[in-house]
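There are 2 protein chains.
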Amino acid sequence: MKIEAIDCYYLSMPNILDTGDGSQDALLIRVQAGEYVGWGECEAAPLVSIASLVCPMSHSACKPVRASLLDQELNDTADINRIGNLVRENSMDLLQTDHTQSGVDIAMWDLMGKKLDAPVYQLLGYKKSYPKTPYASLLFGDTPQETLEKALRVRADGYKAVKFGWGPFGRGTVAEDEDQLHAAREGLSQDGLLLVDVGTVWGDDVERASQRLKAFQETGVTWVEEPFVSGALDSYRTLASMGGDIKLAGGEGCHNYHMAQQMIDHAALGCVQIDAGRIGGISICKRVADYAHARGISYVNHTFTSHLALSASIQAYAGLEHDTLCEYPVESQSLGVDMTQNHIERDANGQIHLPEAPGLGIRPDLLALEKYLVDVEIKVHNQVIYRTPTLPATA
Amino acid sequence: MKIEAIDCYYLSMPNILDTGDGSQDALLIRVQAGEYVGWGECEAAPLVSIASLVCPMSHSACKPVRASLLDQELNDTADINRIGNLVRENSMDLLQTDHTQSGVDIAMWDLMGKKLDAPVYQLLGYKKSYPKTPYASLLFGDTPQETLEKALRVRADGYKAVKFGWGPFGRGTVAEDEDQLHAAREGLSQDGLLLVDVGTVWGDDVERASQRLKAFQETGVTWVEEPFVSGALDSYRTLASMGGDIKLAGGEGCHNYHMAQQMIDHAALGCVQIDAGRIGGISICKRVADYAHARGISYVNHTFTSHLALSASIQAYAGLEHDTLCEYPVESQSLGVDMTQNHIERDANGQIHLPEAPGLGIRPDLLALEKYLVDVEIKVHNQVIYRTPTLPATA
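So the protein sequences, as listed, match chains A and B.
Just add 194 to the spot in the first sequence (first one is 1) and you have my numbering.
Just add 194 to the spot in the second sequence (first one is 1) and you have my numbering.
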């Protein structure tokens, strides 16, 4: 069968806040081939990814993403890989491509799972999917008191691991950051796992990062995530050598396999974090998970949006028994929750399990999404090259 | 003074061919602050870069590029760097940003040169600009005979160095590539400098690359460019160790400083090639040139478009006396030529010199560009967020 349609839907909260909350909009992708439909999601900047799907060609290595998808044969998992390579070759000089192709790749895996009647993790070669321990992913409060209250709340809600990130952290004085860390630890109590996400605010400045090491150690932080931008390998390596037991985590900024490989090889990471909605989809996630596993480095998903994205991001390491942690969005805007009919809920032990239904096992809630749909129209030379399509009646 | 306007103009040939010719379209950027105007150019996919300038915000680290530019103070060269960092921070999760910001950064340097009455290379700290030896940058012919004729033609036109790339090269048999290389060498005669650009067609496959090493050696190829995708550091390093005198060149795919640094540190390059229209503009080019120089690796521009882009791409290494080569487009479509009122022509010795006029010293030909201007309109929720502006009367 052939890919007959690629549709994309820009979804957004009515008001976007200037905070680190990545659940405020989404680009939902629908791929149809024969009688099957698959769904995927791209991370961030929906309008730009739409433009990359439909733009006029610049030259042979800068084609719109859609040009390498429509009419392609899609009969087995090898086709997904072949099509991904084709997109990367034909759109090499179109930078946005990797983010856009991520949603398409995820949708192709979902579709293939439905065709072959198997969950995606099985198509990836795993015999079983191990439960993961979700860590609640939260933004730091504006004050230590707010952070304390957030920590108390998620702890009371049964989370054993919590990640705080963004907000004011890393931008003010060392003392202010120390107060935030102690507040988080106090709220979590001594046996909770505390993770910290610095959101790259220190650029590649090891000095600013190292001033906080003592506080990270005193508050028993398990990992420090993205102290630096993706690619600042020397800075990561230097900080890791100074950090004692503190592990560094990073990788969400990687938008292809080689970038992730370099972080694993040269950044002295304890844990590589991959966003299926950015790196090129599940296909690339799996390559990175295999490589990290071979190098003895933990793999964890990066997810701050919907449960469609969550399912997609876990598939690649579902069968890695010892990579037990999983990022789990708990502060999503209503869009992130309303996006899907079903959700990946915690069990009595506080663990989560991937759906065993075919594909990703998560169904978009198309009726609920109606109110989030953003009308977009793009005209070139007075011809409409994109107009937001109507949401289909069934997923 | 403050940045008061950022305008962008999508320019295109009427028909875009499915070839590796990157001169078929362009995104021209105009920055205005106080009484000054500067011009820059982004590489490829103009519609996508326009979308990245004007799109709605997704969250605090995924803002439209324009949001970090308008109303910013722009009084000295330090401001250019500060604004670039602000853009990268505020649009970190918008992948297209680096390509878009490239044109903006170039325009800011052009503007600052006009304000401070100095060519850009002086603002970058160079006392003088050394002449460069242009190599004619050509696509391989469809047949060895065509390649031979192209080589004879540019040789007769006085070029001492020629680069052939793309076209059928690397995609067929080893014997076919050997025929192409021998045709190029024959046309150039024995004393011409022969460079080959593989355009990443071998992905990261060292085996396919190494099968051509003998022919590269027999035909006296000086460098083999982009045998692999940017970032396939291990493949580069392995091939370099097998290549004897053959140098590897690469780096045009890098879209930030750290990617270029990694290629210099880990890919065993002989020469790093940077496109000012992709890597983030002249500011980032200069950081890479400094780093390459300190590591004893040659720096060369990557340019396949207009002479505005050419001037921009040479500034960063204008003062490096021993980095003498320069990529020089000779097969541009009419757009690439018509883009500017003046051009960087070869002197009697076949060398080129950067203009000594303020800024980039190259003036867009706004009247000539009228016919290439592409009408674009982008609407979100029925509001026009971008419409192609009229070209101003004067540059």
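Since the hints were made in silico from the structure, they are not lab data.
Treat the hints with care, as some may be off.
Because identical chains cannot be distinguished in the list, a pair is counted as satisfied if it fits within a single copy or across any two copies.
As the list claims (entries may be wrong) - In the SDA-like style, the derived pairs of lysine to any residue whose C-alpha atoms are separated by at most 20 Å in a straight line are:
hint, residue 1, residue 2
1, LYS565, GLN577
2, LYS573, PRO250
3, LYS309, GLU340
4, LYS573, ILE210
5, LYS354, GLY386
6, LYS196, ARG402
7, LYS322, ARG481
8, LYS354, ASP270
9, LYS565, ASN543
10, LYS354, TYR485
Now the hints, each set against the structure:
1. LYS565 / GLN577: between (27 Å within a copy, 18 Å between copies)
2. LYS573 / PRO250: both (11 Å within a copy, 18 Å between copies)
3. LYS309 / GLU340: neither (48 Å within a copy, 48 Å between copies)
4. LYS573 / ILE210: Between copies only: 18 Å across, 25 Å inside.
5. LYS354 / GLY386: within (5 Å within a copy, 68 Å between copies)
6. LYS196 / ARG402: neither (53 Å within a copy, 30 Å between copies)
7. LYS322 / ARG481: Intra 18 Å, inter 48 Å, cutoff 20 Å: intra-copy only.
8. LYS354 / ASP270: neither (40 Å within a copy, 51 Å between copies)
9. LYS565 / ASN543: Result: close neither inside a copy nor across copies, 36 Å intra and 67 Å inter.
10. LYS354 / TYR485: So LYS354 and TYR485 fail the 20 Å test inside a copy (28 Å) and across (45 Å) alike.
The structure does not agree with the numbered hints 3, 6, 8, 9 and 10 stated previously, though it agrees with the rest.
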